[in-house]
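Could you slot chain B onto chain A? The hints should help.
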Amino acid sequence: MALIWSAIALAVCVPLAAAAVSPLLAWRDPVYIIAGFAGIVGLGIMLFQPMLIGGYLPGLPARIGRRVHLWTGAALVAAVVIHVGGLWITGPPDMIDALLFTSPTPFSPFGVIAMWAILAVALLAALRRRLGLRPRTWFRAHRLLAIVIVVGTVVHGLLVEGTMETVSKVALCALVVAATIKVMADLWMWRKRRTLRDRIDMDASSA
Amino acid sequence: MTTVMLNRRYLLAAGGAVLATTGASGLLLPARAEGLAPTASMPGGSNNYRQGAPIVERIGKGGFWMSGTVRRAGDGAPLAGQRIQIWAHTTEGREPDPQSHGATLTDKNGVFRLEMPQIVPVFGQPHGHLAYDSGEFKTVFLRPVMASAKDTSLEAHFVLQPA
Chain A
1 MALIWSAIAL AVCVPLAAAA VSPLLAWRDP VYIIAGFAGI VGLGIMLFQP
51 MLIGGYLPGL PARIGRRVHL WTGAALVAAV VIHVGGLWIT GPPDMIDALL
101 FTSPTPFSPF GVIAMWAILA VALLAALRRR LGLRPRTWFR AHRLLAIVIV
151 VGTVVHGLLV EGTMETVSKV ALCALVVAAT IKVMADLWMW RKRRTLRDRI
201 DMDASSA
Chain B
1 MTTVMLNRRY LLAAGGAVLA TTGASGLLLP ARAEGLAPTA SMPGGSNNYR
51 QGAPIVERIG KGGFWMSGTV RRAGDGAPLA GQRIQIWAHT TEGREPDPQS
101 HGATLTDKNG VFRLEMPQIV PVFGQPHGHL AYDSGEFKTV FLRPVMASAK
151 DTSLEAHFVL QPA
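From first to last, the protein sequence lines stand for chains A and B. So for the first sequence, the numbering used here puts the first residue at 1; every next one is plus one. So for the second sequence, the numbering used here puts the first residue at 1; every next one is plus one.
Please keep in mind that the hints were generated in silico from the structure rather than gathered at the bench. Cβ atoms here follow ideal geometry from the backbone N, Cα and C, with glycine treated the same way. There are no misleading hints in this set.
Here are some of the chain B residues that sit facing chain A, going by a computed Cβ distance under 10 Å:
1) Ser46
2) Asn47
3) Tyr49
4) Thr90
5) Arg94
6) Val120
7) Val122
8) Gly124
9) Gln125
10) Ala149
Far from chain A, by Cβ distances over 10 Å, these chain B residues were calculated:
11) Pro98
12) Asp151
13) Thr152
14) Gln161
Extracted from the complex, chain A is given alone in its bound form (with noise of 0.2 Å):
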């Protein structure tokens, strides 16, 4: 219980501290070095999302897990947005270009494609019982959406060449590949697992 516990902190604290102690933050006024880090703790969110909806973290069975998915998914759009903000702040020239896909940096539309992917999960999550969205519409979107913020946000940060130690970097983002793919796994298994429950306790009753 512990093991994963103190694994997950692991990968998530370490890259923030190498990135505490980058050089380049000599060179970085305060807003920019917030920005910064609000970007590493999104990606630190990212790590906990999937594991809190496939009830992989002790203690947090799926139930309270989803709950939890929630708070914590508020938290990455607050994270995004002091990012974004801080960035925008920081120059606004650059952040122009990227939000306008004008960007000479080959990260900035993988990073501006994740923001609006993350934005619109959690504009639907807010809206989905006054949109009247079915459950398995609401799924589905939002499946397809936490692919493209994975993959956007992987080789955004992936790419970037910021205060962010590499081994740590990859090895944060590695994780968060391999815990969205379990998830989205899992849910498929147990979703054709009570389809097929269902299928069998209809045969049942029809019989």
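Leaving out everything else, chain B in the frame of chain A:
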């Protein structure tokens, strides 16, 4: 300083400039030099540009070399006395800061080099900015990226067309 001046990149740049010069005189590469295309501005090249950066001996305390060549489109003739403006996020200042900006002139071979503080990665890439914006030729903004953040020099080359 001597070690910086004699590194591989600078020798390559100087060699390239010599080649360009001889090529332009029609001795070495007459066919290729004829149709030299003008350099296009790079995306993001003009970000944090400040008009009229002063001509300086060097920007700040130096330690890093920005160099390159300026040639004429078509025949590739080196352009002497052309004002090139340079700025970057360095160990001594942010990109928009006035003290991060400076300008220099090309020599008779169309070569320019300006010492400036070490460039540090900003917005995800270690890069510099250069501008030709003196009116005689069309304005060009360049944004070269360093192969490694540890590099202590960077090059950018201009091929200008009449305005």
